[in-house]
Amino acid sequence: MFVIKNYVTTGGTVACALAIGYLMQNGSLASPTGTPEPERVVSEASIIPGLEGIVLTSSTPARNTEPNTVSTQRHVKASQSAPSGGGDCNLSARAHAVPGAAARLIVKAPCHGDERIEVHHSGLTITQKTDANGVLDLTIPALSEYAIFLISLEDQKGTVATTHISDIGQYSRFALQWQGETDLQIHALEFGASYGDAGHVSASSDAQGTGNVVHLAQPAFSDARNVEVYSFPEGQSQQSGSIELTVEAEVTAENCGKDLNVQSLELRGDQKLRSRDLALSFPDCSRTGEFLVLNNLFQNLTIAAN
Numbered sequence: 001m002f003v004i005k006n007y008v009t010t011g012g013t014v015a016c017a018l019a020i021g022y023l024m025q026n027g028s029l030a031s032p033t034g035t036p037e038p039e040r041v042v043s044e045a046s047i048i049p050g051l052e053g054i055v056l057t058s059s060t061p062a063r064n065t066e067p068n069t070v071s072t073q074r075h076v077k078a079s080q081s082a083p084s085g086g087g088d089c090n091l092s093a094r095a096h097a098v099p100g101a102a103a104r105l106i107v108k109a110p111c112h113g114d115e116r117i118e119v120h121h122s123g124l125t126i127t128q129k130t131d132a133n134g135v136l137d138l139t140i141p142a143l144s145e146y147a148i149f150l151i152s153l154e155d156q157k158g159t160v161a162t163t164h165i166s167d168i169g170q171y172s173r174f175a176l177q178w179q180g181e182t183d184l185q186i187h188a189l190e191f192g193a194s195y196g197d198a199g200h201v202s203a204s205s206d207a208q209g210t211g212n213v214v215h216l217a218q219p220a221f222s223d224a225r226n227v228e229v230y231s232f233p234e235g236q237s238q239q240s241g242s243i244e245l246t247v248e249a250e251v252t253a254e255n256c257g258k259d260l261n262v263q264s265l266e267l268r269g270d271q272k273l274r275s276r277d278l279a280l281s282f283p284d285c286s287r288t289g290e291f292l293v294l295n296n297l298f299q300n301l302t303i304a305a306n
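Its first residue numbered 1, the sequence shown is counted upward by one per residue in this note's numbering.
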């Protein structure tokens with residue numbers, strides 16, 4: 001049996017008021033208020049402590065957590081389900097590295113067809129759904145060289161898969177995660193590009209750039225844990241300049257006048273994973289249908305040509 005703990009344990013989970021400016025469709029710009037929480041540097045060992053009975057290899061030595069750190073444990077039973085009509089119900093998972101500093105994760109849960117499944121990796125939690133045969137085939141941008149994936153099902157059964165991401169040092173990576181139906185979108189304007197130009201990169205944009213955005217979400221569940229990741233192959237770039245990073249969110253009837261807890265994670269050239277916990281305040285419901293533009297969730301990325 002192993003234990004999954006809450007992942008950001010180096011400083012606790014502290015929601016803060018983020019200094020945000022939001023630009024609505026009518027072009028008005030609000031003055032930012034509040035102070036962003038200082039970023040934290042976390043390692044794989046501090047993100048996933050307490051894996052009982054499993055030996056992990058990490059490229060970063062473990063850091064001591066604060067004495068007053070509080071972790072909420074979720075016990076995941078590494079056992080198999082009882083088959084409803086006979087047959088093999090063994091839960092298994094394999095991960096292997098693929099180009100782009102990513103991992104392809106294949107989970108087989110024969111007795112858990114069309115069910116909710118969550119994947120945990122370096123502080124990210126992604127909600128997905130198995131297919132009718134209980135299979136999940138998912139490619140995930142990695143956030144650590146020795147990538148560990150914890151898989152948990154709703155009945156608290158789970159397993160683990162690991163792989164080595166040899167090319168992760170070539171990439172800078174920016175991730176957002178949140179819970180619920182709000183759709184956050186990372187937009188990258190590479191080397192002076194404008195919206196709609198080549199070099200404007202997002203998960204839904206037709207324009208092509210050097211980097212790419214991956215959106216991992218599961219609309220079948222209203223409380224799904226969602227992730228969006230922008231990756232740039234900094235170690236392979238032949239260009240130099242700046243990449244402007246913004247985040248957009250539509251104001252809807254479901255989120256207007258409410259706060260949304262968001263976590264950002266950044267993996268830059270020094271390969272130290274940094275995280276911040278944020279609380280985004282959405283405008284009142286008179287602004288429904290407009291867009292919130294957040295310009296300061298991430299620092300812009302400066303690229304030097306190789």
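These are computed hints drawn from the structure, not numbers from a lab. Ideal Cβ placement from N, Cα and C applies to all residues, glycine included. Mixed in with the good hints there might be a few duds.
[To be verified] In silico DSBU-like links for lysine-lysine, alpha-carbon gap of 30 Å or less:
1. Lys108 with Lys129
2. Lys157 with Lys258
3. Lys157 with Lys108
4. Lys157 with Lys129
[Unchecked claim] Label-pair ranges, simulated between beta-carbon atoms:
5. Val98 with Asp197: 48 to 56 Å
6. Phe221 with Cys285: 20 to 28 Å
7. Asp206 with Asn90: 17 to 25 Å
8. Ala253 with Asp88: 20 to 28 Å
9. Ala304 with Ser194: 18 to 26 Å
10. Val135 with Ser240: 42 to 50 Å
11. Ala304 with Glu154: 44 to 52 Å
We went through each hint and held it up to the structure:
For the given pair, lysine 108 sits about 12 Å from lysine 129 by alpha-carbon distance, which is consistent with the 30 Å threshold. About 34 Å separates the Cα atoms of lysine 157 and lysine 258, which puts this hinted pair outside 30 Å; it is violated. With a C-alpha separation of about 12 Å, the suggested pairing of lysine 157 with lysine 108 holds against the 30 Å cut-off. The straight-line distance between the Cα atoms of lysine 157 and lysine 129 is roughly 15 Å, inside the 30 Å bound, and the hint therefore holds.
For the pair valine 98 and aspartate 197, the supplied restraint of 48 to 56 Å is violated, since their beta-carbon distance comes to about 29 Å. For phenylalanine 221 and cysteine 285, the Cβ-Cβ distance of about 24 Å falls inside the hinted range of 20 to 28 Å, so the restraint holds. Taken as a hint, the range 17 to 25 Å is violated for the pair aspartate 206 and asparagine 90, whose Cβ atoms sit roughly 43 Å apart. Alanine 253 and aspartate 88 have their C-beta atoms about 46 Å apart, which leaves the hinted 20 to 28 Å range violated.
About 23 Å separates the C-beta atoms of alanine 304 and serine 194, a value consistent with the hinted range of 18 to 26 Å. A C-beta distance of roughly 43 Å is found between valine 135 and serine 240, which places it inside the suggested range of 42 to 50 Å. Our hint of 44 to 52 Å for alanine 304 and glutamate 154 holds, since their Cβ atoms are close to 47 Å apart.
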